[in-house]
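Engineer: Okay, here's what each chain looks like letter by letter:
There are 4 protein chains.
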Amino acid sequence: MINVAVCGANGKMGQEVIKAVKSAEDMLLVAKIDINDGEFATIKDAKDSVNIDILVDFTQPKSIYENALYCLNNNINIVIGTTGLSDMQIEQLEKLSKESHTGCFIAPNFSTGAVLMMKFAQMAAKYFNNAEIIEYHHNQKKDAPSGTAVKTAAMMAEAVNGTDGVNDKIGDFTNGNCTEIETIAGARGANSYNNIHIHSVRMPGFMASQEVIFGSNGQTLKIRHDSTDRECYMPGVLLAIRYINVHKNFVYGLNNIL
Amino acid sequence: MINVAVCGANGKMGQEVIKAVKSAEDMLLVAKIDINDGEFATIKDAKDSVNIDILVDFTQPKSIYENALYCLNNNINIVIGTTGLSDMQIEQLEKLSKESHTGCFIAPNFSTGAVLMMKFAQMAAKYFNNAEIIEYHHNQKKDAPSGTAVKTAAMMAEAVNGTDGVNDKIGDFTNGNCTEIETIAGARGANSYNNIHIHSVRMPGFMASQEVIFGSNGQTLKIRHDSTDRECYMPGVLLAIRYINVHKNFVYGLNNIL
Amino acid sequence: MINVAVCGANGKMGQEVIKAVKSAEDMLLVAKIDINDGEFATIKDAKDSVNIDILVDFTQPKSIYENALYCLNNNINIVIGTTGLSDMQIEQLEKLSKESHTGCFIAPNFSTGAVLMMKFAQMAAKYFNNAEIIEYHHNQKKDAPSGTAVKTAAMMAEAVNGTDGVNDKIGDFTNGNCTEIETIAGARGANSYNNIHIHSVRMPGFMASQEVIFGSNGQTLKIRHDSTDRECYMPGVLLAIRYINVHKNFVYGLNNIL
Amino acid sequence: MINVAVCGANGKMGQEVIKAVKSAEDMLLVAKIDINDGEFATIKDAKDSVNIDILVDFTQPKSIYENALYCLNNNINIVIGTTGLSDMQIEQLEKLSKESHTGCFIAPNFSTGAVLMMKFAQMAAKYFNNAEIIEYHHNQKKDAPSGTAVKTAAMMAEAVNGTDGVNDKIGDFTNGNCTEIETIAGARGANSYNNIHIHSVRMPGFMASQEVIFGSNGQTLKIRHDSTDRECYMPGVLLAIRYINVHKNFVYGLNNIL
Chain A
133 MINVAVCGAN GKMGQEVIKA VKSAEDMLLV AKIDINDGEF ATIKDAKDSV
183 NIDILVDFTQ PKSIYENALY CLNNNINIVI GTTGLSDMQI EQLEKLSKES
233 HTGCFIAPNF STGAVLMMKF AQMAAKYFNN AEIIEYHHNQ KKDAPSGTAV
283 KTAAMMAEAV NGTDGVNDKI GDFTNGNCTE IETIAGARGA NSYNNIHIHS
333 VRMPGFMASQ EVIFGSNGQT LKIRHDSTDR ECYMPGVLLA IRYINVHKNF
383 VYGLNNIL
Chain B
133 MINVAVCGAN GKMGQEVIKA VKSAEDMLLV AKIDINDGEF ATIKDAKDSV
183 NIDILVDFTQ PKSIYENALY CLNNNINIVI GTTGLSDMQI EQLEKLSKES
233 HTGCFIAPNF STGAVLMMKF AQMAAKYFNN AEIIEYHHNQ KKDAPSGTAV
283 KTAAMMAEAV NGTDGVNDKI GDFTNGNCTE IETIAGARGA NSYNNIHIHS
333 VRMPGFMASQ EVIFGSNGQT LKIRHDSTDR ECYMPGVLLA IRYINVHKNF
383 VYGLNNIL
Chain C
133 MINVAVCGAN GKMGQEVIKA VKSAEDMLLV AKIDINDGEF ATIKDAKDSV
183 NIDILVDFTQ PKSIYENALY CLNNNINIVI GTTGLSDMQI EQLEKLSKES
233 HTGCFIAPNF STGAVLMMKF AQMAAKYFNN AEIIEYHHNQ KKDAPSGTAV
283 KTAAMMAEAV NGTDGVNDKI GDFTNGNCTE IETIAGARGA NSYNNIHIHS
333 VRMPGFMASQ EVIFGSNGQT LKIRHDSTDR ECYMPGVLLA IRYINVHKNF
383 VYGLNNIL
Chain D
133 MINVAVCGAN GKMGQEVIKA VKSAEDMLLV AKIDINDGEF ATIKDAKDSV
183 NIDILVDFTQ PKSIYENALY CLNNNINIVI GTTGLSDMQI EQLEKLSKES
233 HTGCFIAPNF STGAVLMMKF AQMAAKYFNN AEIIEYHHNQ KKDAPSGTAV
283 KTAAMMAEAV NGTDGVNDKI GDFTNGNCTE IETIAGARGA NSYNNIHIHS
333 VRMPGFMASQ EVIFGSNGQT LKIRHDSTDR ECYMPGVLLA IRYINVHKNF
383 VYGLNNIL
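Read top to bottom, the protein sequences are chains A, B, C and D. The first sequence maps to residues 133 to 390 in the numbering used here. The second sequence maps to residues 133 to 390 in the numbering used here. The third sequence maps to residues 133 to 390 in the numbering used here. The fourth sequence maps to residues 133 to 390 in the numbering used here.
Calculated directly from the structure, the hints in this document are not laboratory data. Glycine included, every Cβ here is placed at the ideal spot set by N, Cα and C. Possibly wrong hints are sitting among the right ones.
Claimed, not checked - Computed footprint of chain A on chain B, listed as stretches where at least three residues anywhere in the stretch have a Cβ under 8 Å from a Cβ of chain A: (1) 253-267; (2) 318-331.
To be verified - A few chain B residues that face chain C, going by a derived Cβ cut-off under 10 Å, partial list only: (3) GLY216; (4) MET220; (5) GLU223; (6) GLU226; (7) GLY245.
Claimed, not checked - Pairwise CB distance ranges (calculated): (8) C/ASN207 <-> B/GLY279: 50 to 60 Å; (9) A/ASP304 <-> B/GLU290: 50 to 60 Å; (10) A/GLU290 <-> D/MET220: 43 to 53 Å; (11) D/THR315 <-> C/ASP158: 37 to 47 Å; (12) B/GLY279 <-> C/ASN388: 49 to 59 Å; (13) D/GLU314 <-> B/LYS154: 36 to 46 Å; (14) D/GLU314 <-> C/ASP304: 15 to 25 Å; (15) A/MET220 <-> B/THR311: 27 to 37 Å; (16) C/ILE313 <-> D/GLY216: 15 to 25 Å; (17) C/ASP304 <-> B/ASP180: 38 to 48 Å; (18) D/MET220 <-> A/LYS283: 42 to 52 Å.
With the sequences and hints as input, model every part of the structure.
Structural biologist: Below, the structure written as structure tokens:
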């Protein structure tokens, strides 16, 4: 059994993690830590009372770095879903994780489905000369395109840099398109890396969905991920807990263990 | 049995019509007319030899008006798929059709599926405050958005003009959306009638597809049409032939008989 | 302003209705009725204190008939989402509604999107000789196919009974299919009305989705509805409230007012 | 430049290959071989006249083994799309290819998109406990489910055999489903490997499409491939030509070079 503590236990994500850990047969929930009304107010309090193998942190940008330092200095493996760490802080945590032989798993996105979608899109990019991305979000999302869509396009572009002498893939993803005229501006979407066009749909009824479409004469290949509830992050969190419990190393990004 | 003549018999559409008429159990193909190498060179030649109930015309913008005049003046019902008639010419044909009690069916789009998609989108528009359109075409299409997408948006906007005191539908289709920022220009697509956003995808693998998406909290409704071959126009052509054979009146647009 | 009372105010659906009524600009929430801990315990209690135009009932099969009788006998228009009324009870309510000139709106499904999907499927059925249905539900649903899918198939079949001399639609929806061999039993799904095949997918990640697919040579038409949250029923409930407030008649089924 | 000969040059696939080779900038079409009216009647005839680097064979089951033997014995690399080779014949060709250091590429499916779909489905299978397959074909296909769907299910099942101590994936793909009752037989589809359910749709408007759907709480992941024209096989054929021109080894299956 893996002894798991949850930090940020009263937050929306924390509560989902608690449910998920409780229903995992190989895990034991040993501590619910939350500065507001938690079973324990601090990680130290919890550590003094129970034996923690892994701490999962979904707290605040302002507290995450201190939390992580404490864990790595006290031989507690940590899985971090909280955002807000700077590049320099991440580097420090990697160094400390290696020196202390204590696991540290950081992921900006714990959705297995979304991470697989990006990975598959990157793999398919080598074999198609035409691709576009459509992403769908609820209508309270301010920015378009989404960070996930831009990241996906960057990964696809990266896949076609260089050539192996066999695959003739060139960098451009609007290969062979005729000169296009927008009779209403914006029709062709956002032109991103290597001319991958991204289209952003915003309306109620969606939480977060994305479809990557590849085409060549006579065929299309579509990879689509829909999330409708934050429960979707739990399989990724459990996977990270199990992974870090065995490997006790530093990992950035769920994609590295899928 | 309905005696059908095809004008423009050697063109791509003409050949499809010939196949379709031959396989319809209630029709007899009586004449293949084509200025280039046809069984008959002109409609008059055909009329002098065989009995024609309906003539289907898929020829050229430059010849269609003369062809239609000839038919209406000679008691031949005509189904017109050829584009290029001016508004004034269409008015003249309507007048002549009524005076001569001879059927004249003109349709810019004979795809039953596409016409139904537009009709359903218009009907659904009254019940959703949020909607967007995505259209997919091959990469040799020059303009974006497609004419069909713009027409669909216009029909949807029309549906919400006025109010009946029961349905509180307002005109705007981005109802409740927060202020949006495009970090790459064009991400949110072409802003058309009543803020219906249209997104145009262009790549090989598609001929002509369109999806109209409606959303409200907790649900989405999607109406999608895919065409992959010009055979898709034949059910609409046969429907028009049968309709005009019975009604012998003037009709503009397949939607009026669906 | 329409004065609305909610009966079953503490149930899941009741709470959604309260939120929806509160956010509707033309409605006023005047009473939260619930036998367990409600603002009022009975409809009578509420009626004695406040002026009710419309009562929305999402309670229990065992109480709905009595509730409806009370409303119709006391000049309170009622919108009923509670299931469990027998055919005979529905008939009685219709009679009483007409005699008392008091509105009574009963709907087995308040999802506007689902009802429109069924209506569009029925309309399209006349123009396609081939159609199948795929429905997707969570994996705690016991029966397959879903009631909505079977109802949709029945409506599609109904649409092609009889002929109008123009449309040659015949009854069978596997028109022209070759003799099919299932190498694994069940591959071709459930064969329902007029050979409409229904396929039932069951897995977590879906709440309730359905896609009706029509095909002919060179084209497909798809009508798809996805529900991800019970909020999806609220636009239909509000629509019914507004309708019955104006018309004060008897209506069974949301489809009759869409 | 790669000198390419096409055997079966007058067949439907042969003609597509000729078009594809002609439009590839790094290839030269040197011979059109066809027993019926070809530029050359036999491979030997062609070899005597022109210099062949790669021969692409889309002929008949009855001739393919002889053709392959001739090529491998005469230092001509061969790409084989023709079906009908027995397992023993394939073994012989592998042996001969290795001995002669002459390339031999055999693929049952040259569609890059279909092969990637299968590969991605296999990869995703490790991370989801629930998955089903829907495949769509034209209505002249006799058997259901399709060979590709069954092959995909087998690959997905294979992916979850054994355990790595980190991922808790178990073999069953209807994990957590309640006891299901089919009120119409077949609703839940064909139950294949590890309870992967396969649903087969048959209607005009599709050539060959397949969607693999994975679900967990709050998310779904879909991988879909649509083919609408046999042109879709050409990128895979060109890829095989280029690969075998460099590596001159034995390869069975396009998936091994993607």
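Engineer: Look at each hint and say if it fits the structure.
Structural biologist: Against the structure, the hints come out as follows:
1. 253-267: Three-residue rule met by the segment 253-267 of chain B, so holds; n is 4.
2. 318-331: Since 10 is at least three, the answer is holds.
3. GLY216: violated, 24 Å
4. MET220: violated, 30 Å
5. GLU223: Violated: closest Cβ of chain C sits about 26 Å from B/GLU223, beyond 10 Å.
6. GLU226: It is violated, given that the least Cβ distance between B/GLU226 and chain C is near 21 Å, above 10 Å.
7. GLY245: Check passed: Cβ of B/GLY245 comes within 4 Å of chain C, closer than 10 Å.
8. C/ASN207 <-> B/GLY279: 50 to 60 Å: With a Cβ separation near 54 Å, C/ASN207 and B/GLY279 satisfy 50 to 60 Å, so the hint holds.
9. A/ASP304 <-> B/GLU290: 50 to 60 Å: At roughly 40 Å between Cβ atoms, B/GLU290 and A/ASP304 fall outside 50 to 60 Å, so the hint is violated.
10. A/GLU290 <-> D/MET220: 43 to 53 Å: The hint (43 to 53 Å, Cβ to Cβ) holds, given that A/GLU290 and D/MET220 are roughly 44 Å apart.
11. D/THR315 <-> C/ASP158: 37 to 47 Å: holds, 42 Å
12. B/GLY279 <-> C/ASN388: 49 to 59 Å: violated, 35 Å
13. D/GLU314 <-> B/LYS154: 36 to 46 Å: At 42 Å between Cβs, range holds.
14. D/GLU314 <-> C/ASP304: 15 to 25 Å: holds, 22 Å
15. A/MET220 <-> B/THR311: 27 to 37 Å: holds, 33 Å
16. C/ILE313 <-> D/GLY216: 15 to 25 Å: Given a distance of about 21 Å, which is inside 15 to 25 Å, the answer is holds.
17. C/ASP304 <-> B/ASP180: 38 to 48 Å: Holds: the Cβ-Cβ distance is about 42 Å, inside 38 to 48 Å.
18. D/MET220 <-> A/LYS283: 42 to 52 Å: holds, 49 Å
Against the hints set out earlier in the document, violations occur for numbers 3, 4, 5, 6, 9 and 12.
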